[in-house]
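Undergrad: Protein chains in written order, with the numbering used here: chain B, 193 to 610; chain P, 193 to 610; chain R, 193 to 610; chain G, 193 to 610.
Hints in this document: simulated from the structure, not taken from any laboratory.
Errors might be hidden in some of the hints.
Where chains are identical, the list cannot tell them apart; a pair therefore holds if satisfied intra-copy or between any two copies.
To be verified - Straight-line distance between alpha carbons at most 16 Å, and here's what the computed EDC-like set of lysine to aspartate or glutamate pairs gives:
#, residue 1, residue 2
1, K474, E280
2, K474, E390
3, K503, E200
4, K575, E601
5, K474, D287
6, K503, E309
7, K474, D288
8, K351, D302
9, K474, D282
10, K351, E309
11, K474, D519
12, K351, E296
13, K503, E424
14, K503, D519
15, K503, E296
16, K401, E424
17, K503, D537
Spelled out, the chains give:
Protein chains: 4
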Amino acid sequence: MQSHEQVELTGHLMDSGLLSRVLNDIRDYGGDYSIDRFDVGRDIGDESYVRITVRAEDHEGLDRLLMRLQTHGANQVHPGEAHLREVEQDGVFPDDFYSTTNLETRVRLDGRWVAVEQPEMDCGLVVTRDDDGRVRVRTVPVSEVRAGNRVVCGASGVKVLPVERPPIQAKGDKVFEFMQSEVSSEKPQALLVRQIAEQMRAVREAGQKVLWVGGPAVVHTGAAPAMVALVEAGYVDVLFGGNAIATHDIEAALFGTSLGVDLSAGRGVEHGHEHHIRAINKIRGCGSIRSAVEQGVLTGGVMHALVTHGKDFVLVGSVRDDGPLPDVHTDVIEGQRAMRAALSDVGFAIMVATMLHSVATGNILPASIPLVCVDINPATVTKLADRGSAQARGIVTDIGLFLEQLALELVPGFAGRR
Amino acid sequence: MQSHEQVELTGHLMDSGLLSRVLNDIRDYGGDYSIDRFDVGRDIGDESYVRITVRAEDHEGLDRLLMRLQTHGANQVHPGEAHLREVEQDGVFPDDFYSTTNLETRVRLDGRWVAVEQPEMDCGLVVTRDDDGRVRVRTVPVSEVRAGNRVVCGASGVKVLPVERPPIQAKGDKVFEFMQSEVSSEKPQALLVRQIAEQMRAVREAGQKVLWVGGPAVVHTGAAPAMVALVEAGYVDVLFGGNAIATHDIEAALFGTSLGVDLSAGRGVEHGHEHHIRAINKIRGCGSIRSAVEQGVLTGGVMHALVTHGKDFVLVGSVRDDGPLPDVHTDVIEGQRAMRAALSDVGFAIMVATMLHSVATGNILPASIPLVCVDINPATVTKLADRGSAQARGIVTDIGLFLEQLALELVPGFAGRR
Amino acid sequence: MQSHEQVELTGHLMDSGLLSRVLNDIRDYGGDYSIDRFDVGRDIGDESYVRITVRAEDHEGLDRLLMRLQTHGANQVHPGEAHLREVEQDGVFPDDFYSTTNLETRVRLDGRWVAVEQPEMDCGLVVTRDDDGRVRVRTVPVSEVRAGNRVVCGASGVKVLPVERPPIQAKGDKVFEFMQSEVSSEKPQALLVRQIAEQMRAVREAGQKVLWVGGPAVVHTGAAPAMVALVEAGYVDVLFGGNAIATHDIEAALFGTSLGVDLSAGRGVEHGHEHHIRAINKIRGCGSIRSAVEQGVLTGGVMHALVTHGKDFVLVGSVRDDGPLPDVHTDVIEGQRAMRAALSDVGFAIMVATMLHSVATGNILPASIPLVCVDINPATVTKLADRGSAQARGIVTDIGLFLEQLALELVPGFAGRR
Amino acid sequence: MQSHEQVELTGHLMDSGLLSRVLNDIRDYGGDYSIDRFDVGRDIGDESYVRITVRAEDHEGLDRLLMRLQTHGANQVHPGEAHLREVEQDGVFPDDFYSTTNLETRVRLDGRWVAVEQPEMDCGLVVTRDDDGRVRVRTVPVSEVRAGNRVVCGASGVKVLPVERPPIQAKGDKVFEFMQSEVSSEKPQALLVRQIAEQMRAVREAGQKVLWVGGPAVVHTGAAPAMVALVEAGYVDVLFGGNAIATHDIEAALFGTSLGVDLSAGRGVEHGHEHHIRAINKIRGCGSIRSAVEQGVLTGGVMHALVTHGKDFVLVGSVRDDGPLPDVHTDVIEGQRAMRAALSDVGFAIMVATMLHSVATGNILPASIPLVCVDINPATVTKLADRGSAQARGIVTDIGLFLEQLALELVPGFAGRR
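In isolation and in its complexed conformation, chain B is listed as follows (with noise of 0.2 Å):
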């Protein structure tokens, strides 16, 4: 039997193409829709309002369709009251649990709505009562859900607060603000370099944290220098990375060479492997990296910067990986647990040449940090963005010359150091 609901959505609906999006999504989950009201924004600064009742063949249809409708900051006119539904099984929702955005939510209970505790992407919502007898909701992965949690079942009594991009700027603004269009290789780089830089210290004086997620060919393409400056200068306060980005800098500074590489001479010795198994196992004789900083066994690099100035490092393994350095979760679950333990008060995150843990980054971090995504290939950006980190804004660009410039933007006397 057809179930219908009535959803409704503001903001700057056709230039940002928002509503096309929507009932494109429609069609896509084979339900059908009719706009019932749409108030149009008449000038170019207002926002529209539209209203339109969506259909599906049945009411399980339906539920889907309206959650993800609200992946777009879409919520039902009349959202009703939420339904909880007690978790029979360790690590298993009910079957029809409330999948998650990262948009900010709220939740109905009680007749008030209940604002969601870190908004992550692909989890359920755990609804607690304090001993106070304050209610919360929390966002819960799947692995973590325990029997006798009550989470929200359904699409009804849940509310999202887009995130939406300003669709003008006046020139000359300090507002931040990257191309809305498309990732490519094909704008002014040295432009995009300075909008990142400023950026970065808005946060740090906003008393924000920078999350870094990094992968190895920060080592390889010589940018490690500039990294360290920027450890040292305050603009990276936490690093996400796994077994090899932190394996090349350690071999790198226990050998002078990262993966073969050369560094100082720029010639290449190819695939030089004992190098890095050797690099790991003198790092798990230490203990941790923390260890061998304080023996005096590791003396530079990017790791020693982050130890010696106290910043956060989140390493988690991945299957390809030697050794792994003592420091590296390699359970991704735990990995995962302590990556986001370590989000708070991020208030911009950038990740430079790392798929996977690019990845892993955007889906536990809120639609609301501004996320960039550098990397020479485009495939990781788009990659990004299709996991619906959608608030990622892509450069296609060198690693090694993006970090030498932003480094010579945000660290004073860097271009004498080089």
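With the hints as your guide, set chains P, R and G onto chain B.
TA: Chains P, R and G in isolation, oriented as in the chain B frame:
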């Protein structure tokens, strides 16, 4: 103080480029050499023999260089006896441990050559004595070594047997041969498909196993039916993969979509994210993929075919995973262990559309197992070869059409089924 | 002084994203707008209508903006009469000439709408009067315009008819439809091949021509036999290409190699450069490709098949050419002329493995001709769409396997021939 | 009947991989060999000498094989005298013409070795006698040969002088050396920029010219100011390019946009197509780029800088061009002629962001001119090397940042100008 040692190398040294790689490595490691003897094969099929004195600045540098040259099959003329040293700390090798190649290896102990079990690169060599007094040498990754283990240290007493590809190939020979040269999409693709089909038949007739390593594009490109046909026809003995290939396969089986691509109509539901998390949740509720098949929940697709035909699969997770499926190893070191355990009797390995799991598999495969890597992205194949899997042959092509054509070659009646 | 004009647009404005593109363009051109009327289609299949007042800083800027909006099918509500101006200098338009889109276009002259002959983008519109007094308007590229020609200037008096892709597609419909969304290799490839085959059959049944644009990879990937089969079966009416595809095809026919790839054995002779220059020299000696066929010098391959089946081909040279073959237009403007002359009755265009000639063909094709671009490199397809060929549908796949599968679909008995 | 000939080769045969390439080519051409003598360099810096008898199935096959081996610097031990044959038909060589390499070449005529003027690959060798009786040999492309010309036929009487890259490089040496190995983005990029800057200074000090080959991305990436600074500082003597780089540069100068990218604000006007056709039209009206500068129409950008600093440029068109600009050679053979005429005194060539014109330039450059190819796409560099420009060194990086850094190295005060 300068150290030196004499090494020797036999084979098609010049037309294979082997000698030039050896000499380059000596230079790149900062060493020096003089050629003491060179018996050059006079005619086109003849082998050559070279004896070289290599010199390095100190004993440690020489040891590393000698290990490096072994990756090309160059052994010491006077290898001497292996030196053993006891491991002092769990998970840490002695500083000068012998770092393995993936070649067949012998260790000289008590005046006798002992064959190393299950060659694998970047490992240490642990020597044990069986209850019956038999000396055994096996490869052990650094994370698995335990205090008290005795491991081979330094380069002496170790000999490798190079895998050489035949430099000349009589036309019409049954022997399988890929182009020696380069990764390329500019090769007659249909011919390559036929060569791989032939190889798979030969491996099966020899009673050996075919190992597949697959990424989610197997499903995205609509090739799951071809893959299922290959499983049913007995050409898939083991599958290595991650959470993604299994999830998208199961999602397609349960909902007819894969990451939102409606596979029968060829129309895209982009990012249909709740489908995949629901598919994962459903299987988690069943307890395992096998249980989901037994309970009649999962009734089609590649994973279903593997289960119903009694084939093995090893799924190892990564930090970007949602869920994951209950069968996925979330600890990557455990995952590596499970992959190693599934390698016995493998006579041929084929990797399709996955960088992460291909490199992981390349890391643990002996060089003696032929290896084909198929991907639309040339970088994947190059990466694999760069990591030391020199036996890897690359084909840059479309996975969807490749698997369809492979099934047409190998599975009678597949044409009619399409 | 600010200028303004009212434009209108009808169609599936929202679910096609058309309106958002129009509004974005107004902003990007520095203009301003207000929406005067918006009749939104209530139900999913309904068309919408919008009337917008656009403003720009001066008359010239407004004119350009109006021309720009016409590329989306937005016309002035009160288009007025076209202004004509006489060309003063060969090969130079008046400053304010109307720059064409590739859409079907009408020009208002003497109170009547006159249809433009052979729409092509980036041209001027030349107005002439036939001997019988009939007014004609045709597109003329800047290099072809002559002093004294009368061309349309400014944006008034010009109307375009948008090509709209149907937003909804009943399943099972015979109508050809590619995925609307994106260039992607992650699509069910076998299905796409079948859709193209169906389209080609339909075009042939309708008495229209199939235009192919091909690069040398057609030969390198071993797909020439498939291509020959398609020519013989009547699915290749015209071929556009460069010196390379013809040379490699002829080299393969004369010497069994293509740029050194021995195609029957699949083994590579890299850079067998003298073969290709000899092949060119041989055909130059014959006078033309046709003569080479008639003299019995050229007895196989794609070019031979085109000649013997009476099909057209237009080869246009480039600065990197060796030779070139005698049939190659060395003057690119003459080459463009020859390509334009071969477009009549073309009902479908397919571009395989060539960036240069695909973009060149996209430049001169009317938007009304469906266009498929097949390449292993996503950038080629993206480039084509970026240049304005919005009707282009992209398939990222392997040319060799793609053409083999297409021949299997279209040519009875091709399976047996392989 | 089998034919055979003895060839010899001197140099760093093994560590450069040269010998293995020679032996592979013999096999790939279906030939056979035996090694008659091999004097191997004993120490690391020593040269080796090899003498090989090569055999082929017939005289013609042997001739081709001998020509092929000359591309590696292998000459016949007994080269004999050159055979000359008269050309019978304009634009057609005799069947067995000697096809040139791009190496320095000598031809044996009347018992004396005559040096070939302006080495270029894939040409014939035309022998003439000056009025003063002096015998001259020059390379002539097939399209330029005329009936009556006497050209060298077969492989005898021709000797080449290989260009060898030094296999060993003392650290700190002033000599310019790029990594021998591979095209890669994983290299210390900042170091590479400094090496190129050093090379350019050395070339200028030696009174030689720096040739640039550039694509439109020079403008798109916002690097035009850096390029202008390099022109002004005297590091750009000649520019080869197409219609696109000049058009986008001029468009940016006239309208502040390049293909619709607003370069100062970094915001994109996609496909602002009428701007570029208007820019072309404007310059066509002026008659030439130089006239546009003289008339005060064109007042900035790269082309303006070239004109005002008296530097040469050669623009050669392609089939995808709009317009083109009046300076563009529309006939590609004429364009090649103009490019050849501009090569004298060139001591270094750098190719940035263009496949088409890079390959075209590689085709006509002698192997003795060092060549660097910079592109964000690895395929461009690989293609260049595959076409025979073995001296090409590739850098995979971002053009925008690369040119900015190069200007920082070479142009005093550039940092302040940004």
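Undergrad: Within, between, both or neither: how does the pair K474, D287 come out at a Cα-Cα threshold of 16 Å?
TA: The answer is between: 7 Å across copies meets 16 Å, while 49 Å in one copy does not.
Undergrad: Are the CA atoms of K474 and D288 at most 16 Å apart within a copy, between copies, both, or neither?
TA: Cα proximity of K474 and D288: across copies only (10 Å, versus 50 Å in one copy).
Undergrad: With identical chains treated as interchangeable, where does the CA-CA distance between K503 and D519 reach 16 Å or less: within a copy, between copies, both, or neither?
TA: Cα proximity of K503 and D519: one copy only (14 Å, versus 36 Å across).
Undergrad: Using 16 Å as the alpha carbon limit, work out where K351 and D302 are close: within a copy, between copies, both or neither.
TA: Classified as within; 15 Å inside a copy, 59 Å across copies.
Undergrad: Quick one: K351 to E309, C-alpha cut-off 16 Å, is that within a copy, between copies, both, or neither?
TA: within (14 Å within a copy, 54 Å between copies)
Undergrad: Could you place K503 and D537 in one of the four classes (within, between, both, neither) given a Cα distance threshold of 16 Å?
TA: Cα proximity of K503 and D537: one copy only (14 Å, versus 48 Å across).
Undergrad: Regarding K503 and E309, is the shortest C-alpha distance of 16 Å or less found within a copy, between copies, in both, or in neither?
TA: Neither, since 25 Å and 44 Å both go past 16 Å.
Undergrad: Given a CA cutoff of 16 Å, do K474 and E280 count as a within-copy pair, a between-copy pair, both, or neither?
TA: between (47 Å within a copy, 13 Å between copies)
Undergrad: My question is about K575 and E601: at a cut-off of 16 Å on alpha-carbon distance, are they close within one copy, between copies, both, or neither?
TA: For K575 and E601, neither the intra-copy (29 Å) nor the inter-copy (33 Å) Cα distance is at most 16 Å.
Undergrad: Which holds for K474 with D519 at a C-alpha limit of 16 Å: within a copy, between copies, both or neither?
TA: within (13 Å within a copy, 34 Å between copies)
Undergrad: Using 16 Å as the alpha-carbon threshold, which applies to K503 and E200: within, between, both, or neither?
TA: neither (44 Å within a copy, 50 Å between copies)
Undergrad: Between K474 and E390, at a C-alpha cutoff of 16 Å, which is it: within one copy, between copies, both, or neither?
TA: For K474 and E390, the Cα distance exceeds 16 Å both inside one copy (39 Å) and across copies (39 Å).
The structure does not agree with the numbered hints 2, 3, 4, 6, 15 stated previously, though it agrees with the rest.
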